[in-house]
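**Q** Top to bottom, those sequences are chains A, B and C. Here this note's numbering = 1-based position in the first sequence + 68. Here this note's numbering = 1-based position in the second sequence + 196. Here this note's numbering = 1-based position in the third sequence + 842.
It is worth saying that the hints were derived from the structure and are not from the lab. All the pointers check out, no bait thrown in.
EDC-like cross-link-like pairs, simulated, lysine to aspartate or glutamate; straight-line CA separation at most 20 Å:
| hint | chain 1 | residue 1 | chain 2 | residue 2 |
| --- | --- | --- | --- | --- |
| 1 | A | Lys110 | B | Glu289 |
| 2 | A | Lys820 | B | Glu289 |
| 3 | A | Lys245 | B | Glu289 |
| 4 | A | Lys771 | B | Glu244 |
| 5 | A | Lys828 | A | Asp717 |
| 6 | B | Lys353 | B | Asp247 |
| 7 | C | Lys1048 | B | Glu484 |
Listed below are the residues making up each chain.
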Amino acid sequence: MTNHWVDIKNADLVFVMGGNPAEAHPCGFKWVIEAKKTRKAKLVVVDPRFNRTASVADFYAPLRSGSDIAFLGGVINYLLTNDKIHHDYVKHYTNASFLIDEGFAFDDGIFSGYNAEKRSYDKATWKYQLDSQGYAKVDETLQSPHCVFQQLKQHYSRYTPEVVAQVCGTPKDAFLKVCEYIAETAAPDKTMTNLYALGWTEHSVGSQNIRCMAIIQQLLGNMGMAGGGINALRGHANVQGITDFALYAQNLPGYLAAPTDADPDRKTFLEKRTPKPLRPGQMNFPQNFPKWFTSLCKAWYGDAAHKDNDFAYEYLPKLGGASDVLSIFNAMHEGKMNGFFCQGFNPLASVANKKKVGDALAKLRYLVIIDPLATDTSEFWKPHGEFNEVDPAKIATEVFRLPCSLFAEQTGSFTNSGRVVQWHWKAADAPGDARDDAEILAALFLKLKAMYAKDGGAYPDPILKLTWAYRQPAKPAPEEVLMEINGKALAEVVDPKDATKVLAKPGEQLGSFALLRDDGSTSCGNWIYCGTWSQAGNNTAKRDNSDPSGLGQTMNWGYAWPVNRRIIYNRASCDLSGKPWDPKRAVIRWTGTAWGGNDVPDMRPDAKPEEGVMPFIMNPEGVARLFSRELMAEGPMPEHYEPFETPLDKNPMHPNNPKATSNPAARVYKGDMETFGKAKDFPYVATTYRLTEHFHYWTKHSKLNAITQPEQFVEIGEELAKEKGIAAGDRVKVRSNRGFIKAVAVVTKRLKALDVDGRKVHTVGIPIHYGFKGVTKPGFITNTLTPFVGDANTQTPEYKAFLVNIEKA
Amino acid sequence: MALQSLDIARRSATTTPAPAARQTTEVAKLIDVSTCIGCKACQVACMEWNDLRDEVGSCAGVYDNPVDLTAKSWTVMRFAEVELSGPNGGRLEWLIRKDGCMHCADPGCLKACPAPGAIIQYANGIVDFHQENCIGCGYCVTGCPFNVPRISKEDSKAYKCSLCSDRVAVGQAPACAKVCPTGAIQFGSKEQMQDVADKRLADLKSRGFDKAGLYDPQGVGGTHVMYVLHHADRPELYSGLPNDPAISPLVSLWKGFAKPLATLALAGVALGSLFHYVTKGPNEVSKELEDELEKEES
Amino acid sequence: MIRNPKDLQRYTAHERANHWVVGISFILLALSGLAFFHPAFFPLAQLFGGAVWARILHPFLGVLMAVSFLAIFFRFKALNVMTPADQEWLNRVGEMVDGNDHDMPEQGKYNGGQKMMFWALALCMLLLAVSGILLWRAYFGFPVGLVRFGAVIHAATAAVMIALIFVHVYAAIWVKGTIRAMWYGTVTRAWAKQHHRAWYRQVTGKS
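Produce the complete structure using the sequences and hints provided.
**A** Structure (structure tokens):
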């Protein structure tokens, strides 16, 4: 979230698409209701299903799953053609005026530089025109045909309401009504918040779905505003936290790009990762990358990391290729892996194409499960009737189950969607032999270390020299770990402008990442968490919910990264002169001498407005990007591509270009293209989702949850049910090209057939949550059906749009 | 919230007055259907607080689960999909109503109950079942206009929502109100809740729900569980919420008028017989006839 | 053990046993039923080991009474067919109640009042049995509207029946020499000749 949960109450319009917060985030959804009650806010929902969120919405519009970019492209077009944009904001705070390389082109669904064989782009033309100093050229009149604004206009001019209706199946009047609601928030003192979740990410074009909304919010001037922003609702209590700590192997903690094989030494690595400003006078905050990275190396290797050994750069692993979840299971499937550690993860149930995952696990020599529950994965080898048809005699994988404690049995921290880090205290002892995760990992580490120390080995240093300075090495305390993450001064840290001013003495906990240095005088395990445990103590344990601004900022409740800032890009909530766009919801303002107000300013505190330092300090441009340069895999502006399993057999926006049917830059592994089904065999669009009564694959083990939603079901519309002779409560069989599941049919008015590209498209809704382990009725694993293909940028599997057939079981 | 009092206002099968010296605020639970998302947190909180674990059932082709109230499910969400005709064509609504005891001011269950003290109405308005006094006859089921009480198959006692009278007694809101994530369930004095409802109704009317209203049916003297409905003119849309509920006239006849009448009638017959005997004397065989027959025989 | 061989046999042992099964079950039913009917009678439930036992036993006793009454019904149905003489007797029942029965019309085994009682009780039994089933939640689940109707019928009928039984019992007490017919089956000839002269003639062959 750029903003935070409570801030939703400040919105004038809550626009929910790609998420179903009433279902999946009922507690956070209270702020939507609060906005409705106290601000007379409107709630608009766009979703393939009339869902629980829609049940309390002011307006609902349906769309075909997998057509979000067409819809949102239509919104962009509506805003531009009807001039419903926040002009000053767009002109000054976005790259609208930036000139794009003249070689940049877009032709029938494909951007310039495409290599069909490699399924990837040479992005040389996806760049700004630079002047002699390396700054981007701009046209402040926004008239140049090469400026971002004109390119954007041209690109989205094809997304007319008629095209939206044709591609999405959304009735034209419903689409226009949604546009009207959104357009109202172009006024400087009106804001729209956007809530999304996996309904946008779990597509082969997931990241571009979100890019669309980024463009819309920039056009409306809603970024940085109270009640605005783009707000990803995270699925677990701490999924934000795990993402912050290198969920993706291509990142180091704090989203620092990890070294790869192409970075032979520290110097090359840092040069590549440290951007130069693209406009004069901008903060270009990532220029501090060397400080963050060096402090991280010091946290990990302590005294073993020093100037003379490049701060132990050698010890860090270098990525040789993809390491996302699909690539891992693909490698496992190809027999390239020996062992797999599965910690708090149930891949048999939660990764796409259960058969492929099960086959992959069967090729391992050993599988280690660290989990409080007996997961489906831990019994992937065991026959469970038709729910898991396997032959244990043919599986040699040795499975180890290490029971760990549950979150409520551990002390630690949660980082919520709004980036607020909150300490929590253990509520109960873990049962039996269960141990904390940290204790299990410590035991493994110490054992490995002892073995390396005794037997040597190929390269023992990265293990032997790792810092492990916990009072009980076998039981690292969560407090010690957070202090280590926060970081401390190793030598005196002085003010760069005045060397006599000591900012931190050796051994002191650091209060902010501004104190981090690249000379080895500071350590920090994750730069964005610097400040969580300062000299003042554990700031994440603060529990003062006083709210003097009334905006719900509660600055003394927990600690939000970065630097306790609750709304990021908040400088953009003020005009150029530093006056809030909406004085009633002022986040910060220029006081005449400094930035201040109701949040930690996202700006150098003493940067005078006339200096022209722009609000998007993390971008070398200083402004937000309508055009995302070379940063995305499949193009600098989102384009609609069909899901890999499309009910249409073509992309209706590029009917004659088969290369542009589905995401041209998405990775498809060998053998997986053949597992995709065709509309003639599997005519219905399926989408998977969560139910409010359950949490992933955990709560099927909990009696209370099982009572409230005991048995697997699928949802179909009344029209499809009638065609197929299916009544509510009947058992049905749902097949994709990868397998089948059986479940109870819920026949509903809430799923309607849509008129898409001249044909009728039905949707089959399939909740996840069920499996063969637990106290709910035994069920099939929904991901038996889903395709093994992901978003081109994140590789998040396309769980939300694929093809199935359905019949009475 | 200083609403705690478990003073008893009415007690089943009891003909003498309840203690009435102390005055207590009437409480109420307000269920705002227009902000309810059907998450069932209330169901779970109810099970947790009251130590109830119903059977793990099955899917009946709807979201409702458990599908009905039971002795172990004191509240259930009922999901109704309705298509309403409007000026702009059909509008689909998913009306989700938390069902459970309404805590009537004039409770049909209490009226019907033959077991002294099995059903209690506290002075704060809560209607509570005391299972230790329950005889399992099911008259409460017969008496309830909302079809709420359930007789347990295990122990033949009647169960229903207690409005967490144990929590309310110590100044806490009922478990369901405590956990409701959207604030759709609120708890306080009945007066406060009516005020809250007024604000919600103003908001709903501003959004085009002209018929929005508070469901506090006077046929049962008002209730201590009230609903904010978007379509108060058609409560039946909400999974059959009764339009104008009242204690059935049959139940009133049975447990009202008939009781004293029949008792008096029986007393009349008994006393009549007694006084007949006393006044008229026994009907003995006549002496002459006896003598005559004796003569005949000898 | 007929002490006086001249006495007349009015009821066989089977008939008497049958009557008392009905009678006892009726008494138990009335006591337990009243306990649920009005709080004033609730303490009666203690006779059954508490109200829960009373609630459990009541319907089973009801079944017992209904079945045994059915036997009585078929035993005595024919004897209770109304005749014109019964009608005349009934027309003059006031004199009877007034204690002036000398000029009452001659009666068979049963007089018009007894016959009326027989049919009234039969009707009550039927209504109680049917409505009782409606109320028996342990084994049946009828729609609540029907149950409510059943409750009213059951209560009203029971009240009527209790009143009828009061009359029945009082009549037996009031008319001396009657109860023994149900204890050990016989009545004196004088009793028979006075109260049921036609029956007396029939069984003795005398005038």
